[in-house]
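Spelled out from the first residue to the last, the chains are:
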Amino acid sequence: MREAFAGTMSRLIEEDPRTALVLADISAAAFEPVALKHPDRVRNVGIREQLMIGVAGGLALTGLRPVAHSYATFLIDRAYEQIKLDLAHQGVGAVLVSVGASYDGSTAGYTHMSPMDVQLIDTLPGWTVHVPGHPGEVAPLLAAAMPHDDPVYLRLSAQVNDIAYADAHLLRPVRHGSGALVVAVGPMLAPVLEATRGLDVTVAYTHTPRPFDTAGLRALAGSGNVALVEPYLAGTSAHVVSEALADRPHRLLSLGVGRVDLHAYGTPADHARAHGLDPAGLRTALTTWL
Amino acid sequence: MAVIEVEPLLTRLTGDEKHAPSAYSTLDVLWVLYDRVLRVDPRHPDDPDRDRFLLSKGHGPAAYYAVLAAKGFFPPDWLDDLAGADSPLGHHPDRLRVPGVEISSGSLGHGLGLGVGTALGLRAQGRLAPRVYVLLGDAELDEGSNHEAIAYAGATGLDTVTALVIDNQSASHGWPGGIASRFAVHGWTAVTVDGRDHDAIAAGLAQAREGAPHVVVARVEQKGS
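Chains as they are written, first to last, in my numbering: chain A, 174 to 463; chain B, -14 to 210.
In short, the hints are calculated from the structure, not lab data. Don't take every hint at face value.
[Stated by the list, open to error] Simulated restraints, written as ranges between beta carbons of each label pair:
(1) A:189 with B:114: 35 to 43 Å
(2) A:188 with B:66: 28 to 36 Å
(3) A:281 with B:71: 50 to 58 Å
(4) A:309 with B:113: 39 to 47 Å
(5) B:-8 with A:190: 51 to 59 Å
(6) B:65 with A:281: 37 to 45 Å
(7) B:31 with A:373: 45 to 53 Å
(8) B:112 with A:209: 18 to 26 Å
(9) B:114 with A:423: 33 to 41 Å
[To be verified] So the derived list for chain B, only partly shown, Cβ under 8 Å to chain A, looks like this:
(10) 68
(11) 76
(12) 81
(13) 82
(14) 88
(15) 101
(16) 105
(17) 107
(18) 133
(19) 162
(20) 181
(21) 183
(22) 185
[As the list claims (entries may be wrong)] Simulated crosslink set (SDA-like; lysine to any residue; CA at most 25 Å straight-line):
(23) A:257 with B:165
(24) A:210 with B:140
(25) A:210 with B:70
(26) A:257 with B:196
(27) A:257 with B:142
(28) A:210 with B:144
(29) A:257 with B:161
(30) A:210 with B:112
(31) A:257 with B:68
(32) B:56 with B:161
(33) A:257 with B:185
(34) A:210 with B:76
(35) A:210 with B:132
(36) A:257 with B:114
(37) A:257 with B:167
(38) B:208 with B:172
(39) A:257 with B:70
(40) A:257 with B:158
The beta carbon of each residue, even a glycine, is placed where N, CA and C say it ideally should be.
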């Protein structure tokens, strides 16, 4: 996904004079060719994430469409107040593009993980959040984020599904059943499909949890049993689902990354297992709940 | 209109006793900017080629409001209901509610980063005439975000940026060697002036040179003195 971002972003800078990119050293080498051609619109501010967001806000104030990019933990966690004040409170937007989703950086440890990024962004109104599950979804999502001025968070992961569903802005049924609705966000689709094999459930996929497709949820949640499987903090979208189904009896199971700092290294697969997000863990959680 | 005529406007702003010293500490610098330096037009506050003035030191904006009212950006009547439920004017300014206000500020350490981005955005669009002025306080420089902006603007020679630092010696641990040296070491041109002397402030601002960002440190009475 990171390569898809670098290629698409470089092309967008070439094509659209309104587009600007702000980096804080991360991925700078990938953008060196386009930075040499467009030094005014591709700026590497060094390892200065607060400044990166401040600069994005300033660029937006002059009418440009800024994209800011770094590891999720530096881009979102570290610069949260800048996101809140230098963008939203100024009445301007930007496209924030992260890598290092949740436990993608597991061998680097907790300093390089941000399972809370989407929940932090969700404290701010009006954001669109894209969580692609396949590299093929990255280019169209990024390109669609450029022509307007609204705030967009594009969360790239090293975890990927087998198939790209570029049109999954709304809940897209991938498997039909008569029982519960299982919603898989972004790269959780692959383990969810494996975990639900042989179960009489509907599996629906989206790469865009904000705004959440509440109409689609209401249409698909026939039984009232909804399991939400997200690749970031468990329960991040629970409030949206609860509000969408407030007028009817329903049960909600929220699965995702736990809040605990495991103080553990290992592979992303090890961390998926530790958080119960591998196919076996998901199947146990779902069958127990069903 | 002279600055003495702004003071009645300033006294119409009530209810902000805590921040009064910081309000008065900026009055002379603001007046020099709006009366002699900034190319801004209250009839066209959104002209893309205007100079930008960013009040980073957003607390105690009474002098700012008084100067904006004096220059016709909004009716002086607005000054009589500071921070009222329906008032556009609060104890920290809001760019979405006040004509002529470039940034919503209050939390310290945001203006210089926004100013750097604004300068870069103007340059990228071929708008080479506007300058970007950012007003900060000496205690505000404690914020690490300012150091990110100072180092980057200096390293890249961002010469359309001018910082103004009101030095009322309110930083808890002070700035040994003086504030100007902290900018100069990062490649800024820097001058320290008497923050009550209008000609000295204007002369200090005029010392901006091509190839480097510029800072004017305006010394005023110590806070609380």
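Taking the hints in turn, this is what the structure says about them:
1. A:189 with B:114: 35 to 43 Å: With Cβ atoms ~24 Å apart, the hint is violated.
2. A:188 with B:66: 28 to 36 Å: Since the Cβ atoms of residue 188 of chain A and residue 66 of chain B sit about 49 Å apart, the hinted range of 28 to 36 Å is violated.
3. A:281 with B:71: 50 to 58 Å: Taking Cβ atoms as reference, residue 281 of chain A and residue 71 of chain B lie about 51 Å apart, which means the hint holds.
4. A:309 with B:113: 39 to 47 Å: At 42 Å between Cβs, range holds.
5. B:-8 with A:190: 51 to 59 Å: violated, 47 Å
6. B:65 with A:281: 37 to 45 Å: violated, 57 Å
7. B:31 with A:373: 45 to 53 Å: With a Cβ separation near 59 Å, residue 31 of chain B and residue 373 of chain A fall outside 45 to 53 Å, so the hint is violated.
8. B:112 with A:209: 18 to 26 Å: For residue 209 of chain A against residue 112 of chain B, whose Cβ atoms are near 23 Å apart, the range 18 to 26 Å holds.
9. B:114 with A:423: 33 to 41 Å: Roughly 60 Å apart at Cβ, these two residues miss the hinted range, so it is violated.
10. 68: This hint is violated: residue 68 of chain B lies away from chain A, its Cβ roughly 17 Å from the closest one there, beyond 8 Å.
11. 76: Because about 15 Å separates residue 76 of chain B from the closest Cβ in chain A, which is outside the 8 Å limit, the hint is violated.
12. 81: holds, 5 Å
13. 82: At 10 Å from the nearest chain A Cβ, residue 82 of chain B fails the 8 Å test, so the hint is violated.
14. 88: holds, 6 Å
15. 101: holds, 6 Å
16. 105: holds, 6 Å
17. 107: holds, 5 Å
18. 133: Check passed: Cβ of residue 133 of chain B comes within 4 Å of chain A, closer than 8 Å.
19. 162: Violated. Min distance 23 Å.
20. 181: Constraint on residue 181 of chain B not satisfied, violated at 31 Å.
21. 183: violated, 29 Å
22. 185: Violated. Min distance 29 Å.
23. A:257 with B:165: violated, 30 Å
24. A:210 with B:140: Distance ~20 Å between residue 210 of chain A and residue 140 of chain B Cα, so the pair holds.
25. A:210 with B:70: violated, 50 Å
26. A:257 with B:196: violated, 33 Å
27. A:257 with B:142: violated, 28 Å
28. A:210 with B:144: holds, 21 Å
29. A:257 with B:161: violated, 33 Å
30. A:210 with B:112: holds, 19 Å
31. A:257 with B:68: Holds. Residue 257 of chain A to residue 68 of chain B sits at ~22 Å (cutoff 25 Å).
32. B:56 with B:161: Given pair residue 56 of chain B, residue 161 of chain B is violated - Cα atoms ~38 Å apart, limit 25 Å.
33. A:257 with B:185: violated, 38 Å
34. A:210 with B:76: violated, 44 Å
35. A:210 with B:132: Roughly 29 Å separates the two Cα atoms, so the pair is violated.
36. A:257 with B:114: violated, 30 Å
37. A:257 with B:167: The given pair, whose Cα atoms are some 28 Å apart, is violated under the 25 Å limit.
38. B:208 with B:172: violated, 29 Å
39. A:257 with B:70: Status holds; Cα separation ~23 Å.
40. A:257 with B:158: violated, 29 Å
In this structure, the hints that do not hold are numbers 1, 2, 5, 6, 7, 9, 10, 11, 13, 19, 20, 21, 22, 23, 25, 26, 27, 29, 32, 33, 34, 35, 36, 37, 38, 40, in rising order.
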